[in-house]
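Chemist: Sequence:
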Amino acid sequence: MASDHSDNHKPLEYVRKSTPPPFLLKTYMLVEDPATNEVVSWNGDGTGFVVWQPAEFARDLLPTLFKHSNFSSFVRQLNTYGFRKVATSRWEFCNDMFRKGERELLCNIRRRKAWSNNQQRAASIIQATSPQESDEEHERSSSTSSSSGYNSLVDENKRLRKENGVLSSELTGMKRKCKELLDLVAKYAQFEKEKEDESTTPLKLFGVRLEVEGEREKKRRISEIISQSASILLSQ
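The letter at position 191 of the sequence shown is residue 448 when you use the working numbering, and the numbering goes up by one with no holes.
No lab work stands behind these hints, which were simulated from the structure alone.
Among the hints, a few may not be true.
[Claimed, not checked] Dumping the calculated SDA-like pairs for lysine to any residue here, alpha-carbon to alpha-carbon at most 20 Å:
1. 342 / 363
2. 342 / 302
3. 436 / 448
4. 342 / 285
5. 357 / 286
6. 342 / 324
7. 419 / 435
8. 436 / 424
9. 283 / 346
10. 432 / 448
11. 444 / 482
12. 342 / 311
13. 370 / 277
14. 324 / 357
Could you put together the complete structure from these sequences and hints?
Modeler: Here is the structure:
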């Protein structure tokens, strides 16, 4: 009787082994359907499949066969059946027994019963980090770097404009001082010329040159004023 009971279970066990899990059959159907190639399709050599548009895949295709629209849940299921994510820039999955045109191999894929902690952490990383999120993170980093570089350029431009304003003010002051000094030199030259003219026609009395009262003191004071003014201009 025990032998008969064991024999009765053998056909059932054979049926279970020869029938692929529903999840694999449904996934295979989605990948095989040419009408969905823009969203999901086989890779170039038919050894795996690529979900080209994860958002559309979750929204439009998953509910038709899996009764949910959770892409992360779909990825977790793939992991439990031994699928590997083989590309960093897209959602491409491979399993040695999941091949284009070889549906009969699906019977050889078995669900994993236990995962180690390391496998679970790796699966969590795969689920949590999508190519889009990686791209967005890269874009945010580039944007932050660009923004920092732009702010540095703005600050540098402000500093240069401030320095340019100071230099422009100093140049204006130097031009003013130079003009005043030139005017002073012109006045001194004019004074010297007038003094020379006076010396050529001196006043004489009985052949002796006469000095007009106060003339010598006046010339001395003018020379001192010009000298002091020049010294003040040059010291500023």
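Chemist: So, for every hint listed, does it hold in this structure?
Modeler: Quick rundown of the hints versus the structure:
1. 342 / 363: 18 Å, holds
2. 342 / 302: The hint holds at about 16 Å.
3. 436 / 448: 18 Å, holds
4. 342 / 285: With Cα atoms ~16 Å apart, residue 342 and residue 285 stay inside 20 Å; holds.
5. 357 / 286: 11 Å, holds
6. 342 / 324: This hinted pair is violated, its Cα atoms lying about 24 Å apart.
7. 419 / 435: 24 Å, violated
8. 436 / 424: 18 Å, holds
9. 283 / 346: 25 Å, violated
10. 432 / 448: 24 Å, violated
11. 444 / 482: OK: residue 444 and residue 482 at ~11 Å, within 20 Å.
12. 342 / 311: 14 Å, holds
13. 370 / 277: 16 Å, holds
14. 324 / 357: 25 Å, violated
Checked against the numbered hints listed earlier, the structure breaks hints 6, 7, 9, 10, 14; every other hint is satisfied.
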